[in-house]
Amino acid sequence: EPEVTQTPSHQVTQMGQEVILRCVPISNHLYFYWYRQILGQKVEFLVSFYNNEISEKSEIFDDQFSVERPDGSNFTLKIRSTKLEDSAMYFCASSEWDGRNEQFFGPGTRLTVL
Amino acid sequence: SQQGEEDPQALSIQEGENATMNCSYKTSINNLQWYRQNSGRGLVHLILIRSNEREKHSGRLRVTLDTSKKSSSLLITASRAADTASYFCATPTGANSKLTFGKGITLSVRP
Numbered sequence: 129e130p131e132v133t134q135t136p137s138h139q140v141t142q143m144g145q146e147v148i149l150r151c152v153p154i155s156n157h158l159y160f161y162w163y164r165q166i167l168g169q170k171v172e173f174l175v176s177f178y179n180n181e182i183s184e185k186s187e188i189f190d191d192q193f194s195v196e197r198p199d200g201s202n203f204t205l206k207i208r209s210t211k212l213e214d215s216a217m218y219f220c221a222s223s224e225w226d227g228r229n230e231q232f233f234g235p236g237t238r239l240t241v242l
Numbered sequence: 122s123q124q125g126e127e128d129p130q131a132l133s134i135q136e137g138e139n140a141t142m143n144c145s146y147k148t149s150i151n152n153l154q155w156y157r158q159n160s161g162r163g164l165v166h167l168i169l170i171r172s173n174e175r176e177k178h179s180g181r182l183r184v185t186l187d188t189s190k191k192s193s194s195l196l197i198t199a200s201r202a203a204d205t206a207s208y209f210c211a212t213p214t215g216a217n218s219k220l221t222f223g224k225g226i227t228l229s230v231r232p
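Protein chains in written order, with my numbering: chain L, 129 to 242; chain A, 122 to 232.
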């Protein structure tokens, strides 16, 4: 069964460093999302992406964040200058149509900022 | 309360018993989705119920939706230890239907 994959599974970085989190959505899906979950808290939406552009972003998704679909398969989230409070689990999701259908989530990348 | 709020926050039952979890939401929805998350892992989609549906089944899962009360329930029948996880309801909102999650329910099934 097709699934969303994410790499790395765990990333440790120093505050101020740039990180790139990678996702490979399900191949025929058209809508892509990033969410994050700070330990013990709810899953929060970051950004949605469709037709090679951002369609919606949350207040969390400030200028330090960017997303890209550099080729036909990868979907990346970049954090330019990480802060301690960026430590969280980051989930990528994709949907065949928009979110009015199921969103399929990857296993997540645990980001630890020291 | 926020969109997609579950109760109870925690539930502990014996294997074989049924588990009922509730979710309330505030705004009109197109559908409501339930997800499971095992500790430290990703979110697994369980079931989606559309606003014109009242009840839906999938294996041991039964979901109901009451749009007049803006609430949904997830019933897991004949629970197993492997059902131990956090369960979230989520509703799509916005341009491309981003999901808004509740805080989740921690279900513990004792063997």
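Hints are computed from structural coordinates only; laboratory data are not their basis.
The model shown is predicted, which means the values in this text are computed figures rather than measured ones.
Any given hint might turn out to be false.
[What the hints assert, rightly or not] In silico DSSO-like cross-links for lysine-lysine, where the CA-CA straight-line distance does not exceed 30 Å:
#	chain 1	residue 1	chain 2	residue 2
1	A	Lys224	L	Lys170
2	L	Lys170	L	Lys206
3	A	Lys147	L	Lys170
4	A	Lys147	A	Lys190
5	A	Lys224	A	Lys147
6	L	Lys206	L	Lys185
7	A	Lys191	A	Lys177
8	A	Lys147	A	Lys191
9	A	Lys224	A	Lys191
10	L	Lys211	A	Lys147
11	L	Lys170	L	Lys185
12	A	Lys147	A	Lys177
13	A	Lys224	A	Lys177
14	L	Lys185	A	Lys224
15	A	Lys190	A	Lys177
16	L	Lys211	L	Lys170
17	L	Lys206	A	Lys177
18	L	Lys170	A	Lys177
19	L	Lys211	A	Lys177
20	L	Lys185	A	Lys147
21	L	Lys211	L	Lys185
22	A	Lys191	L	Lys170
23	A	Lys190	A	Lys224
24	A	Lys191	L	Lys185
Comparing the hints with the structure gives:
Between the alpha carbons of Lys224(A) and Lys170(L) the distance comes to roughly 5 Å, so the proposed pair stays at or under 30 Å and holds. Taking the CA atoms of Lys170(L) and Lys206(L), the gap is near 22 Å; set against the 30 Å cutoff, the hint holds. With a C-alpha separation of about 17 Å, the suggested pair Lys147(A) and Lys170(L) falls inside the 30 Å cut-off, and the hint holds. With a CA separation close to 9 Å, the supplied pair Lys147(A) and Lys190(A) stays within the 30 Å bound.
For the hint pairing Lys224(A) with Lys147(A), the CA-to-CA distance comes to about 15 Å; that is within 30 Å, so the pair holds. Proximity of Lys206(L) to Lys185(L) is assessed by CA-CA distance (about 14 Å); at most 30 Å being required, the pair is judged to hold. The suggested pairing of Lys191(A) with Lys177(A) holds, with an alpha-carbon distance near 16 Å, which does not exceed 30 Å. For the hint pairing Lys147(A) with Lys191(A), the CA-to-CA distance comes to about 7 Å; that is within 30 Å, so the pair holds.
For the given pair, Lys224(A) sits about 17 Å from Lys191(A) by alpha-carbon distance, which is consistent with the 30 Å threshold. For the hint linking Lys211(L) to Lys147(A), the alpha-carbon distance of about 33 Å lies beyond 30 Å, and the restraint is violated. With a CA separation close to 17 Å, the supplied pair Lys170(L) and Lys185(L) stays within the 30 Å bound. Distance check on the hinted pair: Lys147(A) and Lys177(A) sit about 21 Å apart at the alpha-carbon level, within 30 Å; holds.
Our distance criterion of 30 Å between C-alpha atoms is met by Lys224(A) and Lys177(A), whose separation comes to about 23 Å. Using a Cα cut-off of 30 Å, the hinted pair Lys185(L) and Lys224(A) holds, with the two alpha carbons roughly 20 Å apart. Using a Cα cut-off of 30 Å, the hinted pair Lys190(A) and Lys177(A) holds, with the two alpha carbons roughly 17 Å apart. In summary, the hint linking Lys211(L) to Lys170(L) is supported, as the alpha carbons are separated by about 19 Å, within the 30 Å threshold.
A hinted pair counts as satisfied when its Cα atoms are at most 30 Å apart, and Lys206(L) with Lys177(A) does not qualify at roughly 39 Å. Using a Cα cut-off of 30 Å, the hinted pair Lys170(L) and Lys177(A) holds, with the two alpha carbons roughly 25 Å apart. Between the alpha carbons of Lys211(L) and Lys177(A) the distance comes to roughly 43 Å, so the proposed pair goes past 30 Å and is violated. Using a Cα cut-off of 30 Å, the hinted pair Lys185(L) and Lys147(A) holds, with the two alpha carbons roughly 21 Å apart.
The straight-line distance between the Cα atoms of Lys211(L) and Lys185(L) is roughly 19 Å, inside the 30 Å bound, and the hint therefore holds. For the suggested pair Lys191(A) and Lys170(L), the alpha carbons sit about 20 Å apart, so the restraint of at most 30 Å is met. Of the supplied pair hints, the one linking Lys190(A) and Lys224(A) holds, its CA atoms being roughly 20 Å apart against a limit of 30 Å. Proximity of Lys191(A) to Lys185(L) is assessed by CA-CA distance (about 26 Å); at most 30 Å being required, the pair is judged to hold.
This entry does not satisfy hints 10, 17, 19, going by the numbered hints stated previously.
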